[in-house]
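Undergrad: These are the residues of each chain, in order.
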Amino acid sequence: MSVQATRPILEIDCLSVRYGSVPAVRELSLTVAAGEVVAIVGPNGAGKTTVLSAVMRMVAWSAGDVRLDGESLRKRSSDEVARRGIALVPEGRQIFADLTVHENLRLGMVARRSRTGAAEALDAVFEQFPIVKTFLDRPAGLLSGGQQQQLAIARAIVAEPDVLLLDEPSLGLAPTVIDTVFAALAAIRESGRTIVLVEQRAQRAIAFADRTYVLADGVVRDRLVAADATDAERLRAAYFGADTRAVAGAGTPTGGTPKVGTPADDPVRR
Amino acid sequence: MKYVQYLIDAIALGSLYALVALGIGLVFGVMRIVNLAHGELLMAGGYTLYETNGWPAVLRVLTALAVVIAVALLMERLALRPLRRASPTTTLVMTFAVSFLLRSIAQKRWSAQGKTMNLFTDLNQAFTIGELRIKYLTIAAVVVGGVLLGAVTLFLDRTDLGLQMRATASDERIAQALGVRANHVVVGAFVIAGVLATAALVLFAPQRPVVTPDFGLQIAILALVGVVVGGMDKPSSATLGGFFIGFANSMLFSLLPKGQRVFLDSALYGLVIVVLLVRPSGLFQRETVTSRL
Amino acid sequence: MSAPETTALVGRRPARLVLGRHLVPLAGPVALTIVVGVASSAFSDSVQLQLHTALVTTAMVVGLSVFSGNSGIVSFGHVSFVGVGAFAAGIMSMPAQQKATVFPELFGFIRDNDLGNVASLALGALVGGIFALVVGTALVRLSGLGAGIATFAVLGITRNVLRNWSGVGPGAKAIPSIPQTTGLTQATVALLVCIGVAYAYQASRWGRRLRASREDPAAARGSGIGVYKERLIAFALSGAVAGFAGAVYVHLLGSVSVDQVYLELTFLTLAMLVVGGIDSLWGAVVGGLFVSLLNSLLFEGEKGLSVVGIDVTLPASSSNIAIAVVMMIVILVRPRGITGGRELRLRALRRPRRAEG
Amino acid sequence: MRRRALVRLIAAVGVVALFAAACGDDDDDATGGEADTSATSATTAASGATDTSATAAASTDPIVIGAAIDLTGNMAPFDGPALAAAQITVDTVNAAGGVLGRQLELRFVDTALDPAETKAAALDLIQGGADVLLTTCDVDFATPAIQEGISAGLLTIAPCIGTDQMGPSRFGEPGRLAFSIGNLAQDEGAVLAEYAIAQGHSSAIVVPDNLLVYFQNVCQAFTARFEELGGEVIAEEGFASFDGSVNNLATAVSQAGEADVIALCTFPPDISIAVGGIRDAGIDTPIFSPWSGDGNFWIPEGLSDFTFSTYASVFGDDPSAEMNGLIAAMEDAGSAPATGGFVTGAAAIEAIVAAIEAAGSTDGAALAAEFESFSGLPTISGNISFSPELHTVFGREYRMMTFQDGVATFGELLAATSPAVIS
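Chains as they are written, first to last, in our numbering: chain A, 1 to 270; chain B, 1 to 293; chain C, 1 to 357; chain D, 1 to 423.
Simulated from the structure, these hints should not be mistaken for laboratory data.
One or more hints might be untrue.
Selected chain A positions facing chain B (Cβ under 7 Å, derived; list incomplete) [unchecked claim]:
hint, residue
1, Met-56
2, Ala-60
3, Lys-75
4, Ser-78
5, Asp-79
6, Arg-83
7, Leu-88
8, Gln-94
9, Phe-96
10, Asp-98
11, Glu-103
12, Val-110
We put the CB at the ideal spot given by N, CA and C, even for glycine.
Chain A with its partners taken away, still in its complex shape (with noise of 0.2 Å):
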């Protein structure tokens, strides 16, 4: 899994947001390799869920670019970059509860991008996702949280993207089922597509990426591959000296020394 050899699909160029006067993201730079997998992982507040939202055009952007395959996205709404090849599985699910699970799918389909292969890219769905068949007349408002993760990550592949961005789909879920979306994750990954995943359970996202980007106070603090998941110090420094940092509330991080205290639990687990 050579980084360097293969082409950038996902170039996020010096991006810029601020809610009101508030920098969420700053001159963050950053690039995906076709069929690489990517994490973000950093503390609450980092800016993770903003970058993806960015990158959806969901949120404006104050500065900087973003360019899928070359193109930019700056003229683009979010959704046309979704019918341009991204889809998001957003942070908590945000499927419709109202809505059947059968609907909900119907609604991924919208951002396809060729009009034909649309049963046998559901039939994969079923085949990936059998809980997503089952309960396909069902209103998706009745599903557990993993079925609702399921199903979100279902809606989001059957659009055949090109880049996928998961935003925290572990998020409130029992161990058991986060090991089924991870095993789904790892299909997904088979199959070739681009998986761009944000996530507050570090190591784990860490282990499964290629590269992962270490993001605090909208900046990217550091940079992993998936052999430092191991590597413990090296996290707990990444996390804390973001969390001082933000605490202290000091200026523009420099990556200066992080203070590491003697945290009481594993500070990536939390």
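Starting from the structure of chain A, add chains B, C and D where the hints point.
TA: Coordinates of chains B, C and D only, in the frame set by chain A:
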């Protein structure tokens, strides 16, 4: 027997308001916009009927439909689309400004003096069953109202655009992130609202043959009250709310003692307040759902 | 203000703090009010009247903003408080002797008494406030559009009762012969009073709590703020301000009829608030004056045409169309209102001046 | 940030511009007004130089009749035609040499029925030198203007107000200066009742619209006179325009029992719903309506047995040639009347002229005294009378019109024996 006649009168009026309410409710459901200018769609259609006096009736109705849809789309494109992200209050005031503009234009063009529409006046004929008198118009209103409500429901349930409308109504941001084109959905909603407004107009016209600049305003305001009372979130509850307000208006008039009829508005609005206090999210709404506005 | 002066002002931090916190947000509305008031005396009687009407209408908008601006709930029924204030003041200051012939069916204590100017203004405020308190007790539980429609229903009932219950209201008649005491001084002072009350409330603990509850109702409740109570206080206060404005209004026109304080005024005041910026007092004042002055200006333009020639066929009544268009453009360009819903701040005050100089 | 400042600047400039524009406008008004008067007096002086001395400028200035009326709102359909007829009459008077050697000048300001604008319009006209003030045809809408007129000491005339409220009964002592050329509701209700009795009707259902005092009074007067003459009112079915209650009127009327005649006191647009509803309910009883039911623009197709009283027939068959001439003149001026009410505008000018000639001045009190003494003053609208108590016309001959199969025809001229007394 007397009361059955009251009931028939009330159903007749309720059905008319239901159609107006469905149009208002649909636009609200999809766009979260309280469209105070919905009544001016009826007005625009009314003046079209006046201007086309003498043409074949079907042609007149189709012309009115075209004009109403055109006005609805212009309204959306020029005044509301740029405010897609604005607060509900801002869009509400914008629709009021649109309503005011259209009424002012009508006043300048046709003056405040009413103009007769002369459409389907035969529908005012009634047949009797025993002592009961039923207008063909009542039958038409109930049938057309029912058919259109059914058609809209089917449209929302079965078609892709309908599904996208429901998704947009439920969460616009997520729907768009899935690739739903907001403009398609909104244009669709306004076209349907135009169709519903025209249908309502055609049914109001035989009974209220004189169109004035204020023609639609009074109707729309009462229908809007009905929509809120019924529950705004679903087209079905909005429609029932519209029916309720028309029905209650008619029924209260009949039931009030003669000398007290002038207090009809008080009785009606008093009822509205009671309903809102008892069921804040709507009379025909499941209690768990709360208005997002 | 010259540049050195501004710098000096900014240089003194404590002074700037005080100014920034209270004087500056107040200075804008107050100055604007006084400018309009004083400027009015330079014009003809009818233009003066229109400027005074602008001031009084703005007072109504300020009344509306006390509730809607702080709670975030749009009230469609505030004109009912303007109305009861107007009618209380109007009917109680119409000469008793004349009342007996024009409105013989009024209750005796209304028919046979009349009040002086100040007393009738106070009565307007009192009646508006009490009515709002009573209505609010039931209605401020509601929020969102339901609350708006419920207040609108109150307006419908108020109008209906005043129109048809000859014991308390004028019926279909306009109340005539109300002393026309509202001139330059009273209109200006009345608006200043309303601004003062609204600002004092906004800056008070109650006002801040209500604003907090608007931003985040759950958090506010968590920190012990009773949303119901806070809303009720604001509702009653804004009813009193609206009633007061209504009282000033009848003394401006010298007459009032029921339909004068109904739909049109409701939408007009609401539009003024939104055009100015719903979230701030500054917005209420700017919006009220902007729309009123625009209205007068366009109307005067129409008149200008008709005074010169006497041609009956002269196309009139285009000013309404123009007003609607301008209002729409303002909303499109500034969806959050001309002021953006912010209070006037010193920084903001400085910048345009420098740009001008 | 910069953008916000820019917008503020624009807003600030806008406000200033508003003031500036208002200033400019006022300047225009002032100078324009002066220039206007001086120009007018100059031309008057020039033209009058042949028969009068140039020094008598004051007495050769035109007599200004100011009209604060609605040309935009809901009263425009009544006010507009009355103003147009007034203008034609003013032209006629001027062509015949004017009044007391002075020309008449009619100025108007549109009030759009807004109360503040109504008062402003009156102030404008008064400040501009109006000698007589005309107002909107509804006393309640007109009140802000009437009060300015009478407190400035001007004779204040509403062409077509139909209640007894235009005068001292509403405005106290200053109200002595206020008159209406419209028909008194008590008189009109009486004539309708007398006509009904004359046609052999002996039972009636009365349907007053609660919206306006005029409607209430006409129906009360009908009831009073009908009962005086031995008729029986079997039911009263009130409703109110615009509150939707008209939708249920037909059922209410049909359940009230059978009567010979229905007296319906309301106006468009709700009158068309009321009449249409009653006919569609299979009730063919003759319907009687006052002037507010005049006009063919609201008539349901093929309407029959609908009778109304009015000032003039606009259906081409008025008995008076003079009237038909005026209607033709209005059509030529591009303002064909839709109801007979327009003629009150012409009659108002005639009455003002008569009063000025009799009083020899334009002083309001003197003119009002002349008005109060008018007894059977002939005008194009018929003979008009006032009294110190009644400042609205009574005793005038009405055109009794009837619709059959959608066509209105003139029936007869009829005056009430006396106004009915209503409580």
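Undergrad: Compare the structure with the hints numbered earlier in the document and write down the numbers of the violated ones, lowest to highest.
TA: 2 and 3
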